[in-house]
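Novice: Sequence:
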Amino acid sequence: RGLALAKRGWGGMGKLTSHEAAPKAPLWQVAVVLLLVQTFFAGNGLLVKLTMNGGTDPVVFAFWRDVLASPVLLMLARTPQLGPWRRPSGQGDFVQLALLGLTGVVGAQMLTPLALQYVEPTTFSVFQLMLPVVTPFLSAGLSLESGQGGDGRRMPTLSPDRILGLGLCVFGAGADLLSKAGMQGQWIGFALLTVQVLASAFFHLLIKRSLQSGWPPTALIAWSYTVGTLELGLVLILVRPPTLVVSRSAAAVLVYAVVLTSVFNYIGMAWANRQLGPTAVTAFFPLQVVLSTFLQPAVGLPKPSIMDWASAVVVCLGLGIFMNGEGHGEKDPKDGVLPKTVGAEDCTEDERLHLKS
10 RGLALAKRGW GGMGKLTSHE AAPKAPLWQV AVVLLLVQTF FAGNGLLVKL TMNGGTDPVV
70 FAFWRDVLAS PVLLMLARTP QLGPWRRPSG QGDFVQLALL GLTGVVGAQM LTPLALQYVE
130 PTTFSVFQLM LPVVTPFLSA GLSLESGQGG DGRRMPTLSP DRILGLGLCV FGAGADLLSK
190 AGMQGQWIGF ALLTVQVLAS AFFHLLIKRS LQSGWPPTAL IAWSYTVGTL ELGLVLILVR
250 PPTLVVSRSA AAVLVYAVVL TSVFNYIGMA WANRQLGPTA VTAFFPLQVV LSTFLQPAVG
310 LPKPSIMDWA SAVVVCLGLG IFMNGEGHGE KDPKDGVLPK TVGAEDCTED ERLHLKS
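Numbered according to the numbering used here, the sequence shown terminates at residue 366, and the numbering increases by one at each position without gaps.
Source of the hints: derived by calculation from the structure; they are not laboratory data. Note that the structure is predicted; figures quoted are calculated from it, not measured. Do not take every clue at face value.
[What the hints assert, rightly or not] List time: in silico SDA-like cross-link candidates among lysine to any residue, alpha-carbon distance up to 25 angstroms:
#: 1; residue 1: LYS312; residue 2: PHE136
#: 2; residue 1: LYS33; residue 2: PHE303
#: 3; residue 1: LYS58; residue 2: VAL254
#: 4; residue 1: LYS312; residue 2: LYS33
#: 5; residue 1: LYS58; residue 2: PRO250
#: 6; residue 1: LYS58; residue 2: GLY242
#: 7; residue 1: LYS312; residue 2: PHE50
#: 8; residue 1: LYS58; residue 2: GLY223
#: 9; residue 1: LYS33; residue 2: TYR265
#: 10; residue 1: LYS33; residue 2: ASN333
#: 11; residue 1: LYS312; residue 2: TYR265
[As the list claims (entries may be wrong)] Okay, the calculated beta carbon distance ranges per label pair:
#: 12; residue 1: SER188; residue 2: PHE146; range: 25 to 31 angstroms
#: 13; residue 1: PHE146; residue 2: ALA34; range: 25 to 31 angstroms
#: 14; residue 1: GLN38; residue 2: ILE315; range: 29 to 35 angstroms
Ideal placement from N, C-alpha and C gives every residue a C-beta, glycine not left out.
Could you put the whole structure together from the sequences, leaning on the hints where they help?
Specialist: Shown next, in the form of structure tokens:
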């Protein structure tokens, strides 16, 4: 029943009109935002691992991160420069937000520090490489990215450029990881990471579907985070950690996680998702592997090796091919005609003539 309500909400609530359609940003702007996102994620992974090694409870850390980030996101969502404000209304909206909170906050976020207790960071990174592999196939199956290419051009989810680009990204990052160490960890860590990857993939797909139904990116992330924090609070009650207090070093990492990993990264990914779709967002995740290697000396770990530099070149080459394909898709034969899924039935005759011109 919940999935039926969510589907009804996606199809019939908050439809975009011709005046609400988001303008397409240049591909280089989307690439820069996603590069920053992965840089901040790479730094977060290193800092969180150090924090967990210091004895901080992973559920408590995730809870405080979301409690602090939610009001900041809600405040930013009311800023006109970041898009129109929107409140959830009706069961369909609340089901959407509940699913987003469950996959993006409880699944993708909380399971990360939990898994890092049972596996090495290298193993965690290997599992993250599954994300850009799983997401395109799920997105293609759900037909979420039709017409999502740059400059209004049609870009099939599994086009040759995308497949080649993603393949090089995953190969470059995977070869770098496996050259350092094998898959090390306990089976429970592998299980948690599998669920975490699937939750992350579905989160990006659900974000895209919600954006297509008319949600502004910042408002969507803000409310998803808020609902997810409430869900995580229920988990906290069940887990019953001995204390909610974190150390000073963990508090410093929390500031980083809130400002950069939660606020900037999640708004940035939602905006990029609206521009190009979930496949493009997850295509940049292999970059996190090489960026983590380059950031290691900042926390006292070894400097990048020749293999690390070679892997970085391969990953960047793959991203270049992928983004080049994004900008050279076939022209959509229906360009200029607003499809029914975005509210064409609500347009006047003058608006339809304007779109066709």
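Novice: Check the hint pairing LYS58 with GLY223 against an upper bound of 25 angstroms on the C-alpha distance.
Specialist: Given pair LYS58, GLY223 is violated - Cα atoms ~37 angstroms apart, limit 25 angstroms.
Novice: Please work out if LYS33 and TYR265 have their alpha carbons no farther apart than 25 angstroms.
Specialist: violated, 30 angstroms
Novice: Run the distance test for LYS33 versus ASN333: straight-line Cα separation, threshold 25 angstroms.
Specialist: holds, 16 angstroms
Novice: Per the hint of 25 to 31 angstroms, is the separation of the Cβ atoms of SER188 and PHE146 within bounds?
Specialist: The hinted range 25 to 31 angstroms holds for SER188 and PHE146, with Cβ atoms some 27 angstroms apart.
Novice: Next pair to validate is LYS58 with VAL254; report whether the Cα-Cα distance is within 25 angstroms.
Specialist: Holds, at roughly 18 angstroms.
Novice: Is the straight-line distance between the alpha-carbon of LYS33 and that of PHE303 25 angstroms or less?
Specialist: It is violated: about 32 angstroms lies between the C-alpha atoms, which goes past 25 angstroms.
Novice: Has the given pair, LYS58 with GLY242, been kept, meaning a C-alpha gap of at most 25 angstroms?
Specialist: holds, 22 angstroms
Novice: Run the distance test for LYS312 versus LYS33: straight-line Cα separation, threshold 25 angstroms.
Specialist: violated, 39 angstroms
Novice: CB of GLN38 to CB of ILE315, is that within 29 to 35 angstroms?
Specialist: holds, 33 angstroms
Novice: Given the hinted pair LYS312 and PHE50, is their alpha-carbon gap at most 25 angstroms?
Specialist: With Cα atoms ~19 angstroms apart, LYS312 and PHE50 stay inside 25 angstroms; holds.
Novice: Using the C-beta atoms of PHE146 and ALA34, is the stated range 25 to 31 angstroms upheld?
Specialist: holds, 26 angstroms
Novice: Take a quick look at whether LYS58 and PRO250 sit within 25 angstroms of each other, Cα to Cα.
Specialist: Holds, at about 19 angstroms.
Figure legend: structure checked against the earlier numbered hints; hints not met, in rising order: 2, 4, 8, 9.
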